[in-house]
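Given next are the chains, with one letter for each unit.
Number of protein chains: 2
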Amino acid sequence: MTNNGMTITAVVMAGGRGERFWPQSRMHCPKQFLSLTGDGETMLQKTVRRLDGLVQPEHIYIVTNAEYLGLVQEQLPAVPAENLLCEPAPRNTAPAIALAAAVIRKRLGDAVMLVLPSDHLVRHEALCADFLSRAASAAELGENLLTVGITPQYPETGYGYIEFTRAEGMPVGVYSVSSFREKPDAETAQQYVASGRYLWNSGMFAWKASTYFAALKTHLPAVHAIAEHLSDACDTPEFDTVLKAEFPQMPSVSVDYGVLEHADRLYTIPGSFGWDDVGSWPSLRRVAKTDTNGNYRSGDTVTFGTRDCVLVGGKKLMAAVGLEHIIAVDTDDALLICDADSAQDVKKITEMLREQGRGELL
Amino acid sequence: MTNNGMTITAVVMAGGRGERFWPQSRMHCPKQFLSLTGDGETMLQKTVRRLDGLVQPEHIYIVTNAEYLGLVQEQLPAVPAENLLCEPAPRNTAPAIALAAAVIRKRLGDAVMLVLPSDHLVRHEALCADFLSRAASAAELGENLLTVGITPQYPETGYGYIEFTRAEGMPVGVYSVSSFREKPDAETAQQYVASGRYLWNSGMFAWKASTYFAALKTHLPAVHAIAEHLSDACDTPEFDTVLKAEFPQMPSVSVDYGVLEHADRLYTIPGSFGWDDVGSWPSLRRVAKTDTNGNYRSGDTVTFGTRDCVLVGGKKLMAAVGLEHIIAVDTDDALLICDADSAQDVKKITEMLREQGRGELL
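Those protein sequences? They're chains C and R, same order as listed. Here our numbering is used: the first residue of the first sequence is 660, the next is one more, and so on. Here our numbering is used: the first residue of the second sequence is 660, the next is one more, and so on.
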């Protein structure tokens, strides 16, 4: 509940099939279902635990797909079965959020939706919950679209950026978004960070279900029309049929590109709570404990003259000698060795394996 | 037989415990017993096959130790059991060769000994046999100590060098050795190669058993005295007792340092037959087939943006991305990932494992 009494719901996006953590992540078990930091708690579980005290379990919705439904049920037994929403086909974030908004509007009339990725990490969890609470309150004030911006710590080129300015008529700490910027090159990222006018785009959002419907109507009418059908059918015997028939007809479009970049009442709350999207193997060095030489190590590893590496051992000893900036990940049926600067090219390997008909390794 | 009728024997040194090919080489199965080039023939087997037509199997002697005796018997069934000589303790090359010389002198009176490492590779095997034949002939001419020098192809810093000069009164192509040089630094190696006066020290030698005994008497009298006892006891019931009691009393010293550096009638025959000591993982790129990006690959490997690497896959897929100059070797119980320039530091890992009491991995 916000201070004013509107229900706060959370919509956790857990349908992603990310391959950037291959070979540990697989088609049948992507990143959000793994405990990459080795503490036994998966990223999805961390995401939901972070909502303790802010969102009731019965108001937590998970958007996923049929293939991952079993993993979600297993990892999140407290979330009601009727809140697990399966996309019949991948259509990116705008339709996925529309599906959740349709269900929430039908069940609750209206409610604040906190939209959250399921595969990011947060170091200061209490601070994060406070920011989400403030975002929820600001979202409830009107037809506002809130995005949680992160005060940048360094000129990361792997994130999108948000340009922000002072906002009139909003609570202290809430700013207007004046533009979205795609992942910048190194020089541009330096300028963004130096200017003090840019935040990282965290992919965490807050708005009322009704606000999202209104924004869809203006900016993505094709999505809006189907969302109305889904809301009408929700909790009726026809829902599955309507979902399977109409959801795949939605255009595949991200909420950033399809809605937020065109919206008027777009705001951001700049936060800093040790957020990291853990976008690829090298980022484990930022978010998890490293040894005195800056190596992230898990499993049975031994090193000599090795610095700034990510070493994920499997069932055997991994010995690293004279390495710098190398990623090595050993699993039962595949071993990846990769220069940290080439981590984005891991997908070239998975593409090759797909072409070679070696789907069992994906 | 040489042209003059003296028997030619071969003494193959197969007792080394080299760890530079860890984790594929192990205490219980070092490099000479492996087929590093992946053709199924071990380096020891190649060494002996190279003697076809030059040395009769009954005149081939293998110096090894009790631990490797089974491997030698299995890999060289044609070599008579009484020619497999086991050092009771490792004492480096001068005593090992003395043991063989003692047995050969007792059995044959005198004979030429071709002394050969068991873990080097030769590309042009017929040329190599011709050089060994010429070395044997020059050895038979008198109290000559012959070493096969290799015309250097590039300024290798991992080899010892031999300085040579014209020799008086010797056949064409036989030169005097004026000095031995330890492994040089890069600049010195450049100078050696540019000067045209230096050869690589191959560790292949030729001399008569009687010549070696005489050289020991002058330069290593403690080794000589025990070698005389061994020769006396050879093929008597006392041999094993004498060997076990006296061999370990010999000083541990290399033939280069203990004998050759002080000897007078020291000659070299410069050869060039694609010789390589295959001293460490990176050298596999020199001696075995590489892909178009200069990678040596064995096993199930897939690469992207990867150059000049040595990739030895195990029982699972090995994927390499963006790597340059990296060694990766996957075995059942250990995985090595190493910068090629740090290959000599692999022994730091094996030292650590020894200290940690993890001998099963050595």
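Some clues are possibly wrong.
To be verified - Here are the computed lysine-lysine pairs in the PhoX-like style, where the Cα-Cα straight-line distance is at most 25 Å: (1) R:Lys975 - C:Lys1006; (2) C:Lys1007 - R:Lys975; (3) C:Lys974 - R:Lys1007; (4) C:Lys765 - C:Lys903; (5) R:Lys948 - R:Lys974; (6) C:Lys1006 - R:Lys1006; (7) R:Lys765 - C:Lys974; (8) C:Lys974 - R:Lys903; (9) C:Lys842 - R:Lys975; (10) C:Lys1007 - R:Lys974; (11) C:Lys974 - R:Lys948; (12) R:Lys1007 - C:Lys1006; (13) C:Lys876 - C:Lys842; (14) C:Lys974 - C:Lys842; (15) C:Lys975 - R:Lys948.
As the list claims (entries may be wrong) - Here are a few chain R residues that face chain C, going by a calculated C-beta distance under 10 Å: (16) Cys968; (17) Lys975; (18) Cys997.
Quick caveat, the hints were computed from the structure, so don't treat them as lab data. Note that the Cβ used here is the ideal one computed from N, Cα and C, for glycine as well.
Check the hint pairing C:Lys765 with C:Lys903 against an upper bound of 25 Å on the C-alpha distance. Holds, at roughly 18 Å.
Take the C-alpha atoms of C:Lys974 and R:Lys903, compute the straight-line distance between them, and say whether it is at most 25 Å. 42 Å, violated
CA of R:Lys765 to CA of C:Lys974, is that 25 Å or under? Violated, because 54 Å separates the two Cα atoms, which is more than 25 Å.
Taking the closest Cβ pair, is R:Lys975 under 10 Å from chain C? 5 Å, holds
Hint check: C:Lys975 vs R:Lys948, CA-CA at most 25 Å. Holds or violated? 29 Å, violated
Is R:Lys975 within 25 Å of C:Lys1006, Cα to Cα? 19 Å, holds
Going straight from one Cα to the other, do C:Lys1006 and R:Lys1006 come out at no more than 25 Å? Roughly 34 Å separates the two Cα atoms, so the pair is violated.
Any CB of chain C closer than 10 Å to the CB of R:Cys997? 4 Å, holds
Between R:Lys1007 and C:Lys1006, does the CA-CA distance stay at or below 25 Å? Measuring from Cα to Cα gives roughly 34 Å; hence the hint is violated.
Holds or violated: C:Lys842 with R:Lys975, Cα cutoff 25 Å? 36 Å, violated
Given the hint that C:Lys974 pairs with C:Lys842, test it: the Cα-Cα distance must not exceed 25 Å. 37 Å, violated
Satisfaction of hint between R:Lys1007 and C:Lys974, Cα-Cα up to 25 Å: Within the cut-off at roughly 22 Å; holds.
When the structure is compared with the earlier hints, violations turn up for hints 6, 7, 8, 9, 11, 12, 13, 14, 15 and for no others.
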